[in-house]
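Undergrad: The primary structure of each chain is shown beneath.
There are 2 protein chains.
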Amino acid sequence: MTQHQRLVEELVSTWYRTIPLSQFMQIEVLSFTDASHLTVNTKQSNPDMNLSLPLVSELITTAPLAPNINLHQTMFAGSIYTLMTLTGWGMVWLQQQLASVTGDIVLAEAQVKYIAPVRQQPTARVIWPALDLSPLTRGRRVKAELTVELWCQDVLCARFCGVYVSLPFAK
Amino acid sequence: MTQHQRLVEELVSTWYRTIPLSQFMQIEVLSFTDASHLTVNTKQSNPDMNLSLPLVSELITTAPLAPNINLHQTMFAGSIYTLMTLTGWGMVWLQQQLASVTGDIVLAEAQVKYIAPVRQQPTARVIWPALDLSPLTRGRRVKAELTVELWCQDVLCARFCGVYVSLPFAK
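Taken in sequence, the protein lines are chains U and C. Letter by letter, the first sequence follows residues 1091 to 1261 in this note's numbering. Letter by letter, the second sequence follows residues 1091 to 1261 in this note's numbering.
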């Protein structure tokens, strides 16, 4: 098991243990890819390769329709929002783990736009904006603005923009 | 039992029957007051009284902390949003019932701002903006922009602005 797989397992168990709603919704992580280390290696060997590589860190989650249905037999707006909220939160949490920094992550504000009905199990996707988390080690907060997209196969069904704040642990 | 009490019971049973998340969250209606008929009567008897009466239609809901907790031991952002979403949806549904019109109510977009941690059972409150729902009877959609506030006693903890669209039933 890789470090990333262990972190993803810890993330999901943290959700289920501390947020009952996440377990009821059966939220799962489909994949977490992180190319930040690849970036460094590539730069050392061949700077030109940076242009062609998808040097991003991406988290993809999902949740089944059954516990998240509404009276139109599509995914409930509250479930869609919650899945996207936790996807963004999860990305900040994973990046903090990878950077070996700690902080209490809270959602300060968010906007969501529902674009199309969700008639089958969707995926929620977020890309990390390569933010510097080191201020947390100096006792300062970090603000992360993340965009999460919800897809049903090749249809974009919802877009979420959330402002997360990570607060240094009180000493 | 008054007409309003019957409608509130039907609203909550509709939520629980069709949206599993609402039942898991234990969302309840605390009160629904509707002064729209009072407005008409008052105007007929004494127009000056309009200034002193709270001539509004207000829905107040709540949900306990236990199923809606997060890892900070406060109310989970997803639960806060969902409670406010359903409070706004419920208000549109109630107003449609009172106006004897029908329409499929969906949330098109929303903004939420988290102002303070929710450490005890909150109330979500929405006031109806006295919108004309009659276009639904002529086969036209109605757009309702609602603001829902979340309070813990006298502290405003979150504010939600949602754009709901009610679509006339297909014939």
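No lab work stands behind these hints: they were computed from the structure. Don't take every hint at face value.
If chains are identical, the list can't say which one is meant, so a pair holds when it fits in one copy or spans any two.
[Stated by the list, open to error] Straight-line alpha carbon distances no greater than 25 Å define the calculated SDA-like cross-link-like pairs of lysine to any residue that follow:
# : residue 1 : residue 2
1 : Lys-1233  : Gln-1116
2 : Lys-1203  : Gln-1186
3 : Lys-1203  : Ala-1125
4 : Lys-1233  : Phe-1114
5 : Lys-1203  : Arg-1230
6 : Lys-1203  : Arg-1228
7 : Lys-1233  : Ala-1206
8 : Lys-1203  : Pro-1154
9 : Lys-1233  : Met-1091
Undergrad: It remains to establish, for every hint, whether it holds in the given structure.
TA: Evaluation of the provided hints:
1. Within a single copy, Lys-1233 and Gln-1116 get their C-alpha atoms no closer than 28 Å, and across copies no closer than 33 Å, so neither meets the 25 Å cut-off.
2. For the identical chains of this complex, Lys-1203 and Gln-1186 are inter-copy neighbours only, at 24 Å across copies versus 28 Å inside a copy, given an alpha-carbon limit of 25 Å.
3. When the C-alpha separation of Lys-1203 and Ala-1125 is checked against a cutoff of 25 Å, the pair qualifies neither within a copy, at 29 Å, nor between copies, at 32 Å.
4. Taking CA atoms no more than 25 Å apart as the test, Lys-1233 paired with Phe-1114 passes in neither setting, with 29 Å inside one copy and 32 Å between copies.
5. Taking the shortest Cα distances, Lys-1203 and Arg-1230 sit within 25 Å of each other only across copies (22 Å), while inside one copy they are farther apart (32 Å).
6. In this homomeric assembly, Lys-1203 and Arg-1228 never come within 25 Å of each other (Cα to Cα): the closest approach is 36 Å inside a single copy and 27 Å across copies.
7. For a Cα distance limit of 25 Å, the shortest separation of Lys-1233 from Ala-1206 across copies, 17 Å, qualifies, whereas the shortest one inside one copy, 30 Å, does not.
8. Taking CA atoms no more than 25 Å apart as the test, Lys-1203 paired with Pro-1154 passes inside one copy only; the shortest distance there is 20 Å, against 27 Å between copies.
9. For the identical chains of this complex, Lys-1233 and Met-1091 are neighbours neither inside a copy (31 Å) nor across copies (51 Å), given an alpha-carbon limit of 25 Å.
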